[in-house]
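Enquirer: Letter by letter, the chains look like this.
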Amino acid sequence: MQLDAPPAELPPAAVPARPARSAPTERRTRAPTSARQDPAVVRWGLTLAAVAVLGVLVVVPVVHVFWEALADGPAVYWNNLVRDPATRHALALTLTVVPIAVGLNLVFGVAVAWAVARFRFPGRSLLVTLIDLPFSVSPVVAGLVFVLLFGPRQGIFGPWLYAHGIKVLFATPGIILVTCFVTLPFVARELIPVLEADGPEEELAALTLGASGWQMFWRVTLPNIKWGVLYGVLLCTARAAGEFGAVHVVSGRITGKTDTLPLRVEKLLQEYRTPAAFAVASVLTSLALVTLGAKAWLERAEASSLLTPDPSAPRGERSKERKDEAA
Amino acid sequence: MRWKSPLVLTAIGVLALGSWLFAVRPWATPGVELLNVSYDPTRELWQDLNELFIAKHKRETGQDLTINQSHGGSGAQARAVIDGLEADVVTLALGSDTDALRRHGLLADDWQKRLPNHSLPYYSTIVFVVRKGNPEKVRDWADLARPGIGVITPNPKTSGNGKLSFLAAWGSVLRRGGSQNDARAFVTKLYRNVPKLDTGARGSTITFARQKLGDVHLTWENEAHLEVAEAKGELEIVYPPVSIRAEPFVAVVDGNVDRKGTREVAEAYLRFVYTDEAQEVLARHHYRPISETVFKKYAERFPKLDLFSIDVIARDWNDAQDRFFAEGGVFDQIQKKRWTARLAEGVDPCGR
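So the sequence lines, in the order shown, correspond to chains A and B.
By this note's numbering, the letter at position 130 of the first sequence is numbered 131, and the numbering carries on one by one without gaps.
By this note's numbering, the letter at position 152 of the second sequence is numbered 273, and the numbering carries on one by one without gaps.
Keep in mind that the hints were calculated from the coordinates and are not lab data.
One or more hints might be untrue.
[To be verified] No farther apart than 30 Å at their CA atoms in a straight line, the calculated lysine-lysine pairs in the DSS-like style are these:
1) Lys179(B) <-> Lys168(A)
2) Lys168(A) <-> Lys278(B)
3) Lys310(B) <-> Lys258(B)
Please build the complete structure, drawing on both the sequences and the hints.
Expert: Given below as structure tokens:
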């Protein structure tokens with residue numbers, strides 16, 4: 002199987018040329034080509050199928066979102082996003098809910114991952130299972146559970162909060178709570194393997210050298226897991242901003258008060274304001290694209306940071322790469 | 122690369138604080154806020170009415186008023202208010218949904234007597250929307266049970282529109298002298314023609330008008346006009362000879378307004394809906410106003426049809442709810458029969 006298949010943009014006429022040219026030299030030096038390379042039909046069939054699936058499921062919808070959003074021109078697009086107070090509020094609400102939920106999950110995720118990776122205690126495997134629970138529970142069910150917990154006439158916390166005039170359900174706190182719930186596993190799940198792979202040796206060394214607990218955490222643990230933390234935060238942010246089901250249940254659908262961006266998209270669509278709905282959708286799509294870009298950047302930054310401890314090695318590596326490209 | 126955690130954390134903190142201030146706006150002038158929890162297709166109507174009432178309220182009292190709206194399937198909305206959505210007024214599609222609030226202690230027992238005309242500021246009905254030129258020649262209720270006709274209507278379990286469509290179909294048989302058994306046979310056949318049950322009226326409209334599923338859409342008169350106007354000539358309305366008189370009652374939610382101190386404004390708000398000014402807005406949105414002068418003025422918008430009231434079918438709206446839509450009620454029995462029938466025919470009931 003040849004992994005570096007030619008890019009799909011090449012015209013079909015160029016297909017047979019490449020294997021034909023490279024095959025004879027390879028045959029002489031290594032195993033027979035037929036053993037390492039599938040027939041052209043299979044390779045191209047698979048490549049085209051993959052491109053088609055990606056195109057239909059990912060590229061076309063994403064492009065379509067922007068196409069519909071900009072259908073009436075950029076001025077209308079901008080007005081749809083900025084002039085409508087309800088849309089503006091939805092943006093503000095999403096910008097409120099997401100940092101708080103991500104911040105809470107960051108603290109929780111780091112703490113729980115450290116506890117699980119470094120210590121053995123009764124109930125540890127139960128804790129690991131419970132962290133994953135939000136992955137397996139439908140968001141709508143999660144929302145309903147919070148309705149039952151915080152409803153003023155039934156539930157466990159609801160009546161007390163109601164009597165003290167604290168609004169949780171159908172208000173921002175409820176939206177933050179369910180968002181926290183559905184994004185709970187992201188940071189912890191990202192960090193547990195990283196911490197387990199690193200092992201406790203460096204932390205123990207820091208402690209024997211007289212570091213306090215916080216010093217050890219800030220100077221040893223956190224620098225070692227920073228890529229995992231950033232990656233978890235990134236995934237958590239994307240999911241929190243896009244959450245629909247659970248938020249829909251606890252929001253009460255009050256326009257201009259409890260609509261987040263995904264809820265606003267649905268509402269605009271139902272109010273026959275298609276371009277505005279797609280304009281808001283394009284903001285969410287852009288967020289997803291930024292997340293992807295940030296993820297790619299993180300992966301590159303992480304890879305290069307792994308090379309830095311030996312100052313001579315990366316430079317040598319890079320110049321060699323450049324030479325290869327030139328050749 | 123050095124770890125810049127204080128910087129990142131500060132940035133996150135500033136962003137969170139900034140956006141929170143932007144969203145909550147503690148500096149905004151305090152005013153009175155009302156929440157109107159309504160059913161699905163009334164969004165545009167209440168937007169217009171709210172604008173008028175806010176201006177009127179400002180003129181009369183000098184007070185700044187904000188009216189928030191929440192829309193969804195009527196039953197689901199009643200459920201949310203029972204679960205703690207702090208509605209000052211409810212303007213739901215069916216009396217049984219409003220009365221559910223009374224049963225949960227949110228409304229006084231005499232809620233229907235506190236506003237004019239039994240708390241009913243307007244009425245409406247269920248009509249048909251068909252594709253351009255009415256290719257399937259759908260003119261009356263009987264046509265909906267013909268094999269091969271696709272009927273779009275929301276789920277009667279969650280939607281007021283869905284319940285009213287069901288009751289209109291049932292009542293159309295009784296009104297013309299049919300028996301309860303005839304009605305059941307007819308409605309069973311009709312629901313066999315329904316490919317998809319959305320949760321709210323707007324969802325069904327989108328299924329019919331945008332996804333172009335089905336041949337006829339059973340919907341509110343006002344929603345039908347909006348839908349046809351949006352479709353730019355691709356759809357048209359058919360008025361059946363008989364249909365149901367839909368009664369979307371309005372009520373001030375006692376359990377919430379006394380706590381929030383908004384009773385006075387909330388009552389003024391609902392009384393405003395009975396004024397000629399508001400009744401004209403209702404008529405312009407194709408809701409049938411109860412004011413006779415306004416109705417006469419807009420008479421050409423409201424074709425005459427035989428509107429039967431709920432007592433043709435049941436004692437009252439609550440009775441209809443219990444008999445037809447409660448767990449194990451007539452609708453459940455029909456749906457169950459539909460599934461067994463489809464399985465017997467060898468058709469996958471999920472339509473795969």
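Enquirer: Tell me, in ascending order, the numbers of any earlier hints that this structure violates.
Expert: none
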